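Assemble the complex: chain A is given as a structure, and chain B must be docked to it using the hints.
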Amino acid sequence: MTHLGEEQLIAYVLGDADERARAEVDAHAAECETCRGEIAALRATLEAAADSPVPERGDDYDAAVWARLEPRLAASRAGRVGAPVNWRAWLAAAAILLAVVGAFLAGRISRNVGEPQQAVNTSTAADRRAIRDRVVLAALGDHLDRTERALVELVNNDANGTVDISAEQSWARDLLEANRLYRQSVRSSASLAIASLLDDLEPVLLDIIHSPSTLSADEFHALRARIEDRSLVFKLRVTGADVRARQRTLIHPGEKTS
Amino acid sequence: MQGLTPLERAAFTLRHLEQQSIEEISSVLGQNAEATRHSIFRAVAKMRRALGPLVRTEP
Numbered sequence: 001m002t003h004l005g006e007e008q009l010i011a012y013v014l015g016d017a018d019e020r021a022r023a024e025v026d027a028h029a030a031e032c033e034t035c036r037g038e039i040a041a042l043r044a045t046l047e048a049a050a051d052s053p054v055p056e057r058g059d060d061y062d063a064a065v066w067a068r069l070e071p072r073l074a075a076s077r078a079g080r081v082g083a084p085v086n087w088r089a090w091l092a093a094a095a096i097l098l099a100v101v102g103a104f105l106a107g108r109i110s111r112n113v114g115e116p117q118q119a120v121n122t123s124t125a126a127d128r129r130a131i132r133d134r135v136v137l138a139a140l141g142d143h144l145d146r147t148e149r150a151l152v153e154l155v156n157n158d159a160n161g162t163v164d165i166s167a168e169q170s171w172a173r174d175l176l177e178a179n180r181l182y183r184q185s186v187r188s189s190a191s192l193a194i195a196s197l198l199d200d201l202e203p204v205l206l207d208i209i210h211s212p213s214t215l216s217a218d219e220f221h222a223l224r225a226r227i228e229d230r231s232l233v234f235k236l237r238v239t240g241a242d243v244r245a246r247q248r249t250l251i252h253p254g255e256k257t258s
Numbered sequence: 001m002q003g004l005t006p007l008e009r010a011a012f013t014l015r016h017l018e019q020q021s022i023e024e025i026s027s028v029l030g031q032n033a034e035a036t037r038h039s040i041f042r043a044v045a046k047m048r049r050a051l052g053p054l055v056r057t058e059p
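Protein sequences appear in the order of chains A and B. Count the first sequence with my numbering and you get residues 1 to 258, in order. Count the second sequence with my numbering and you get residues 1 to 59, in order.
The following block holds chain A by itself, in its conformation from the complex (with noise of 0.2 Å):
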């Protein structure tokens, strides 16, 4: 017996199949042990991804990021020779959470599509809505680490001769293209607190970006100044420290933000 596709399994399982598709699979599957045995894996599978929670970070996330920072900082500092940060990734990463965010932002209303899921109770509603809350919340954590990274890494180059900061030029656009998405999506919802960060990263990384590649250490200790007088490095710190918090509240509902 010639047993049915694997895309032609996931999309009827995920109520995609037309109804031509879906009544060829429900034929076949009444007479096929192998292809049912599929059928109810990928429904496990799905019902496991959906209860996948999202992974909390430890206490130890500091210390975790520091250590893989610190070698990167120790190589830039001997000669640059640390492996290339792959930015181009990290904006196509941010980019599409930020589609995700949008969508939150935007305030979609989910709907159901498809047969399998016919009614949604407000429990299901309000776990659907956690989601969202976390997925945005965990987007802009990340491009707010990145941001706090990236800063750290600029300012801690020895300067003790000229200073080439073309990498970090690289950086600062993705993350400017960055910053200037999240910061129009965010600037539509109540988090104030947030925009105004955004807003205060926008002319540093212009700055960096339109600085020459290769500074002076006079040129160079200008730009760390103008870098430190915003104290941005201590308010991403605080801005992230609050949305990892309120991601926690929102895993742990009963813990309280600090």
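These are calculated hints, taken from the structure and not from any lab test. Values in this document were obtained by computation on a predicted structure and should not be read as measured data. Honestly, I wouldn't trust all of these hints.
Lysine to aspartate or glutamate pairs mimicking EDC-like chemistry, simulated, CA-CA at most 16 Å apart [to be verified]:
hint	chain 1	residue 1	chain 2	residue 2
1	A	Lys235	A	Asp142
2	A	Lys235	A	Asp145
3	A	Lys235	A	Asp199
4	B	Lys46	A	Glu7
5	B	Lys46	A	Glu6
6	A	Lys235	A	Glu148
7	B	Lys46	A	Glu47
8	A	Lys235	A	Glu202
9	A	Lys235	A	Asp200
Showing chain B alone in chain A's frame:
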């Protein structure tokens, strides 16, 4: 879920958890419906393989 690309994860989340239509997801992600279907398919197929030993496949 961590083994999925951002595009696959977003498409799958919007379809399965948010229950958005293929057309809505395509609009949000800026791609055509066929590409969206393929992203969702790849996401489910990857998870199916990753969870293979954990989900019952016996008929």
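Hint by hint, where does the structure go against what was stated? Just the numbers, ascending. none
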